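Enquirer: Below are the chains, spelled out letter by letter.
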Amino acid sequence: MLEIKGLHASIGDKEILKGVSISVKAGEIHAIMGPNGSGKSTLSAVLAGKDTFEVTAGEVTYKGMNLLDLSPEARAREGVFLGFQYPVEIPGVSNVNFMKTAINEQRKFKNLPPITAAEFLKMMREKMAVVDMDSSFSGRGVNVGFSGGEKKRNEIFQMAMLDPILAILDETDSGLDIDAMKIVAAGVNNLKTPNNAFIVITHYQRLLDYIIPDVVHVLYDGKIIKSAGKELALEVEERGYDWLINS
Amino acid sequence: METKYKYTPELPEEFKCKVPLPGTVQAFVTNGVLRGGVEIDGGVSVFAKSQNGFTYEAAKESNCKESLQIISFRDSNSTQDISFENDLLFRKGSDSSILLCTHTLSLDKFKTEEVVNIDVEEGAKANIVVMQNEHNASEHKVTFRLNIAADAHIQINVIILHGAILENNFEVNINGEHSFCDLNGLYLVDGKQSVVTNITMNHLVPNCSSNQLFKGILDDTSKAMFTGRIVVSRDAQKTEAFQSNHNLLISPKAKVYTRPQLEIYADDVKCTHGATSGIMDQEALFYMRSRGIGEHEAKLLQQLAFVYDVLEKIDNDRLRQRLNDLIESRLRGEFSHCTNCSMNCC
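Going down the list, the sequences are from chains V and G. If you count the first sequence from 1, position 203 lands on 188 in our numbering, and the numbers rise without skipping. If you count the second sequence from 1, position 74 lands on 944 in our numbering, and the numbers rise without skipping.
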């Protein structure tokens, strides 16, 4: 589904990704771990199409397409979803309006008519239940006045609404207490099918107790220095990153 | 601008305000002249003055459920510069609302100067929405002179959609205690348009409050000027006066000049002012685009979000929704140039 080959990316003169290669198949969950500053968030931002980063070399193929050629919105409509580490507040745009616009843009892309009000409400209710979100959230501005945990749940809610094919979750677990983390994990497990894939970026092994990855990658200094099964996460938790960096 | 001009042609056929809001009675002003008076049950009336201009009156202790919409337009029957004066009288204890719309029906070069004397008597409640939508060669200057008595409450919301040079001046005197004056405005300018707003809020007595919230979105080489002055006289203790002016610049060539001013002679008051100008929030744009919302749509959403808090001040739900739709189509560029009535508002 997703093939990243020798990806290099920089911001200004600073090279952050120095040749990342990852291959993700449908039905898989990949975890990317790594110390601060290793390039995890840059990788997710580049995949979602953020233009502050410049891709200097390498290629990314998604469903047979050159992903890097697509605008952020085109990627989203093709089923790529980025769960933000720091979800953005948009005062004045209600959650409901935001989601409705997003759903309808996606439907327009698929040559479907706009969603009816009844269908949309039903969908909202169902998906809010997935992340245990109060219905009062829907009328409020996007992420405005939300706590850290509520923002992250809102990301998972949006993911559930948009039903992506490839979801990249950038440190969705950071700043979450254990209950909120369980809700986020349950959301991911709920949405997992043999046809979609997840890339979960995390600092800690803790989240991976609830979301069981098929492959764990360790990213360090812009390169994948180790890829292995889920046991790698446990090893990292126990021994830190030094043994990998120095080996 | 001294020309007084009196002319009352038939209402042009092409001007049709097709769907008046329910609960709204309409009156028309053509080139400064009111066409026929209107009287609404509940004590509200509007009549032509002897020359031009009109007098609106909400009778003493009246409480009018219906609101009056006065549609004032310029057309090719009179292309001279005109000036006229209107009076809005909100009598003691009255409660009423009025919608003032200004349009141009032809593409002539118009100059209009208008004075609106607003008298809010003791305990009166007045709600005024002003909507200005004129074409690219229309210059319109309106001076609102407000006198506010004790225990009165007035709110004016000005929505500026289009026009060459639109100038709104507010000279407010708060003369009676425990009154509240709420002035809000929203201007959307593009092309070479400019919008000028001058406010003098005079707090002359104690225990009153005032609020000003003006926001603008500027595109192309448009300009906006905002000068807001709050004057709190020495006797006006316990005054609470707030002012903010925020501007969103869409184009690097758009310009905004904003001058917030406070002049305070009393020592027990609460006053704030704030003025900003900024560009689109790139983070928010990326966030929306990452959800599949196209760049154009994302920008539109952000602009609508920017002006949302001004619109929210309008408590008539239907009117607010109508204005919201208008603003949306305006921001989509759907009526950047005018045919017949520049409005497709109704």
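One thing to keep in mind: the hints can contain errors.
Have a look at the derived ranges for each label pair, beta carbon to beta carbon [stated by the list, open to error]:
#: 1; chain 1: V; residue 1: Asp164; chain 2: G; residue 2: Glu1204; range: 45 to 55 Å
#: 2; chain 1: G; residue 1: Arg905; chain 2: V; residue 2: Ala102; range: 38 to 48 Å
#: 3; chain 1: V; residue 1: Asp162; chain 2: G; residue 2: Asp1105; range: 48 to 58 Å
Okay, derived cross-link-like pairs now, SDA-like style, lysine to any residue, Cα gap no bigger than 20 Å in a straight line [what the hints assert, rightly or not]:
#: 4; chain 1: V; residue 1: Lys93; chain 2: G; residue 2: Leu1170
#: 5; chain 1: G; residue 1: Lys1169; chain 2: V; residue 2: Lys48
#: 6; chain 1: V; residue 1: Lys48; chain 2: V; residue 2: Pro179
#: 7; chain 1: V; residue 1: Lys3; chain 2: V; residue 2: Lys48
#: 8; chain 1: G; residue 1: Lys1169; chain 2: V; residue 2: Lys211
#: 9; chain 1: V; residue 1: Lys211; chain 2: V; residue 2: Lys48
#: 10; chain 1: V; residue 1: Lys136; chain 2: G; residue 2: Leu1155
#: 11; chain 1: G; residue 1: Lys1183; chain 2: G; residue 2: Asn1006
Honestly, the hints are just simulated from the structure, not real lab data. Quick caveat, the model's predicted, so the values are computed rather than measured. Built from N, CA and C at the ideal position, the CB exists for glycine as well.
Enquirer: Hint by hint, note whether the structure agrees.
Expert: Hint check results:
Distance hint check: the CB atoms of aspartate 164 of chain V and glutamate 1204 of chain G are about 48 Å apart, consistent with the given range 45 to 55 Å. A beta carbon spacing of about 41 Å between arginine 905 of chain G and alanine 102 of chain V agrees with the range 38 to 48 Å that was offered as a hint. Between aspartate 162 of chain V and aspartate 1105 of chain G, the C-beta spacing of about 55 Å keeps the proposed range 48 to 58 Å intact. For the hint linking lysine 93 of chain V to leucine 1170 of chain G, the alpha-carbon distance of about 17 Å falls within 20 Å, and the restraint holds.
Between the alpha carbons of lysine 1169 of chain G and lysine 48 of chain V the distance comes to roughly 29 Å, so the proposed pair goes past 20 Å and is violated. Between the alpha carbons of lysine 48 of chain V and proline 179 of chain V the distance comes to roughly 15 Å, so the proposed pair stays at or under 20 Å and holds. For the hint pairing lysine 3 of chain V with lysine 48 of chain V, the CA-to-CA distance comes to about 24 Å; that exceeds 20 Å, so the pair is violated. Note on lysine 1169 of chain G and lysine 211 of chain V: the hinted pairing is violated, with a Cα-Cα distance of about 41 Å set against a maximum of 20 Å.
Among the hinted pairs, lysine 211 of chain V with lysine 48 of chain V is inconsistent with the structure: their alpha-carbon atoms are about 25 Å apart, more than 20 Å. Restraint check: the Cα-Cα separation between lysine 136 of chain V and leucine 1155 of chain G comes to about 17 Å, which is no more than 20 Å; the hinted pair holds. Proximity of lysine 1183 of chain G to asparagine 1006 of chain G is assessed by CA-CA distance (about 28 Å); at most 20 Å being required, the pair is judged violated.
Going down the numbered hints, you'll see the structure goes against 5, 7, 8, 9, 11, while the others check out.
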